[in-house]
Amino acid sequence: MINAILVFNNYGKPRLSRFYQYFTIEEQQQIISETFHLLSKRDDQTCNFLELPSTSIICMRSTENCKLIYRHYATLFFVFCVDAAESELGILDLIQVFVESLDRSFSNVCELDLIFNSDAINYLLDEIVMSGLVIETNINNIISRFEEQNRIAKVETSPASVKATSAVSAIKNMNLPQLRDRVKDLPNTFKDLKF
Amino acid sequence: MNTDSGFNPGLNMATIRQAINETIERGIMRMPTPTRLRDLIRQIRAAKTQAEERAVVNRECAYIRSTFREEDSVWRCRNIAKLFYIHMLGYPAHFGQLECLKLIASPKFTDKRIGYLGAMLLLDERQDVHLLITNCLKNDLNSPTQFVVGLALCTLGAIASPEMARDLAGEIEKLMKSPNAYIRKKAILCAFRIIRRVPELMEIFLPATRSLLNEKNHGILITGVTLITEMCENSPDTLNHFKKIVPNLVRILKNLILAGYSPEHDVSGVSDPFLQVKILRLLRILGRNDPEASEAMNDILAQVATNTETSKNVGNTILYETVLTIMDIKSEGGLRVLAVNILGRFLLNNDKNIRYIALHTLLKTVNVDISAVQRHRSTILECLKDPDVTIRKRAIELSFALVNAQNIRAMAKELLIFLEKADPEFKAQCSSSMVLSAERYAPTIRWHLDTLLSVLIAAGNYVRDDVTSSTIQMISSSPANEQTYITVKFWDAIQETQDNQPLLQVAVWCIGEYGDQILYDSELEFTNERPTESTIIDLYNKLLWSNQVNTVSKQYSLVSLAKLSTRIKNGQNNIKEIIEMFGSHLNIDLQQRGVEFTQLFGPYKHLRESLLEKMPAMTINRINGANSNGEMIGEGEVIRSNSSDKVVNNGNIRSNTDTLLDLLGSGDDIISSSSFTIPTSTPAPAATNNLLDLLGDIDLGAPTISVNNNNNNNNSATSPITMSILDDNENTKIPDVTTMFNINGSSGGNAQANNSNYDLGDFLSSPTLHNTSAKIITVFDKNDLVITFATSRHNDDYIEVLMSTTNNSMDTLEQYLFQAAVPKSFQLQMMSPTGSVLLPGGVITQEMRVRSNSPSAVLRMKLRISFVCNGNPILEQAEVSNFPDV
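So the sequences go chain by chain: A and B. Letter by letter, the first sequence follows residues 1 to 195 in the UniProt record's numbering. Letter by letter, the second sequence follows residues 1 to 886 in the UniProt record's numbering.
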């Protein structure tokens, strides 16, 4: 199982963090900084796996030994923390799938895209990994599901529809029946009008 | 609202339009527009210091809180999204939980989407809020929109608590049969999580798994295989249930390999590697220890192993899984050779990841086929020099697993070079492992001593205490000429450096013990200055007052110096002066030693000689299968755990205790004996099995014990009351111990027996025999139930054991049944107990008579206690081996 998926930059600033096991917010931050600390020491010549020391929080919480499997792209580390039930090389491929999907959705994804679309990244990730398990690996499927949902959301939130729905509710709030009654009285009112 | 001022006679269409516009404006703009997420992120990023960032976040949080108080805010989504960002940065965001629930309850997809994401990020089962979500989930699971169902499934998978799992398992099971693939695969993984949380819910999902493997959709296949794998690991029954799907899996795998190029599933030239990996994993579980299932897999595994393109990572991924599967199942010999060859190729691969995988897998394989791994020894040793710590770590573990009697010299040389340069984190483990390997395979004593010295020098202050103590032990049990030899070496070593504490400790111990042997033998050769009485005493003086020497080393030095006073011919007065000075030392331990040793120079001078005599040789009580090749250990070889390294100065009793421990003790001790995987070479597992055999073989048919049990006739008909614990395995040397349990002897020597049992007690983890009365022992004390044995000898004829059970709990125990079994060399007769119901504070007694068939046999007893407490049947077991002499 995947215990956590972390993305942080070369300075350790988190850009995405998903935990598939319960950790308090302090523990989460500790895991992120610990992970960053371990990985920042490794250059690009080393292998993409790192066995977590048994003192790390994730290891203490899990029954098995956990490993970090990561890839380093330009300014970002993509880190998957997994237990023994996952294939190390398989997860490497999965990271590739994730990054390619991001690249397709944001055309030439860069760190800024991740920063300003943190919710969207989470939605995309949910199409690949669900509760710590791989759900889909086909990039076309991932992207099309993700975009279909974006379209639904877009239709709902487009400025036109916001205005429209607000207008409807505003008219409802106007207490139309009462207004109508008064409009009925209009002729009488007009009668009294002097021109 | 807009008609609050009564009817306005001036009303016309323009005013109506204006009124409507105003309302709309007010509806949207009830509050000033909140900062956009983008702007917040910009602000946070612009913050130059941590404090500035915190201020921005706090201001925003305060604002968000205030908007949450407003009902029906149109900006809820935006605020929650900001909260996620803040949460990711590590600031508390729990106050958004309820807002998330409101969003989930909204009919809009956008709201639900962000609400559910919030639930996954912010909620956890430790908070009551999360129970409120169950109903929403239930509604959304039945939604007509697939994405809403998808969101609900995803969230349930992430935060399912046991209660939620129980409530919603039915819905999930329904969705697992949905025709919509998107919903179906999510439901399958949801089922996985539910089973993880509540294993007994597995039954519900079993029928739905049947059709999963006939799917074409790879998403469903991959999740389906994951679910089945989990179920198989969950219970052996399910594992057997799924054995029949092996052909299906083989067919899917075959289709994947032979289908050729399919653009939909292709990943760098390989057809859906993810699915292949999952299937290979499941095959591994299904084929483990099952020759029939393994047979069905052989062909396909061979095909995968030979047909997979390995120029890319994906290909290697599959090969790696294939190799693991081949090694794990009962595969053909040819296939195994193929697998090991693949690993050999991996090991030479330029890609570091592949090399790591190779080492990792070889370590798993080393038990199965050590000779195959040995072939790659030089490559593995090469990996010790790798700059990557991950690879070095694997390589070092593997190297130690490969050490054997034939290659110990060469391997030790390489490993010592590694040890010298290793990072501190490796030094401790590595040095301990070196000591263990040297102990097990040392070709000669001198080599062994040299190696220990090199380890101490190379690992410096990072060695664990066990290295120091076992080195001392080893030296103490060596012949005199070797002792002299190594003392000279140590003397030379500490001339060069004195800040290596463990080295210093062993060195001063040696000099203290064997100082006379090196001082007065003119034929010895020294690399450094030749020691004289005065140089030695000067050195001690320097050590004892040096700041770089720690207290433990000073303790060693002080004792050693005192000992030295009886070894050397002149200079006693200097020694006396030094020791006297410690009488006022600040460290209380050193002071005590100082005062005590001073006594030996004053009023108790006459005792000094005899008190400070040489230590007798200590027995090495670790794995001592030196040069063993498997068979030796089979014969009841003594294998001990590290944890009892404490030196007991009576070899005879000691070894008896050991043997006994092995007979009674758990095989686990061996496994846990070191943090490195040392016992992975062939001898150790063989021994483990052997021991387990000894323990496990309960011979039900052996009519060696006669039992009288009137109270529970029906029970005795079904349950094995008569049993022999120790199968008379020919390999077992039932220890010829008479020291401890002197059956024929008098009750003298109890003190000694107690002494040796002290260690034993720790192992049996029951409070045994620390009391001075040797005749009554407590054999069981758990959950307020105490069982004692009172033993006495009856006319040289039999030993009478009076069992009495006391119930110290507040519950009444019913149907109390006490059963006992003894080794075949004894006969046990049980009288009827005084009752079968134990009231609170009540006592039941039962008499047993034990006859010995052979005078040298040691009495042990296995106990089985069953009773019913508050309607729950309880079964306890215990072993008794500390019978006092009677």
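Hints are supplied without guarantee of correctness; some may be wrong.
[Said to hold, decoys possible] Each computed DMTMM-like pair below joins lysine to aspartate or glutamate, with the alpha-carbon atoms no more than 25 Å apart:
#1 LYS364/B with GLU233/B
#2 LYS421/B with GLU496/B
#3 LYS312/B with ASP83/A
#4 LYS13/A with ASP167/B
#5 LYS154/A with ASP167/B
#6 LYS102/B with ASP83/A
#7 LYS421/B with ASP388/B
#8 LYS364/B with GLU34/A
#9 LYS393/B with GLU34/A
#10 LYS312/B with GLU292/B
#11 LYS352/B with GLU88/A
#12 LYS352/B with GLU64/A
#13 LYS421/B with ASP44/A
[What the hints assert, rightly or not] Calculated Cβ distances over 12 Å to all of chain B for the following chain A residues:
#14 CYS47
#15 ILE57
#16 SER105
#17 PHE106
#18 ASN108
#19 VAL109
#20 CYS110
#21 GLU136
#22 ASN140
Hints listed in this document are in silico derivations from the structure and should not be mistaken for laboratory results. Note that the coordinates shown come from a computational prediction; the quantities given were computed from them, not determined experimentally. All C-beta atoms, glycine included, are put in the ideal place defined by N, C-alpha and C.
Check: Taking each numbered hint in turn, which are not upheld by the structure, reported in ascending numerical order?
Finding: 4, 5, 6, 8, 10, 14, 21 and 22
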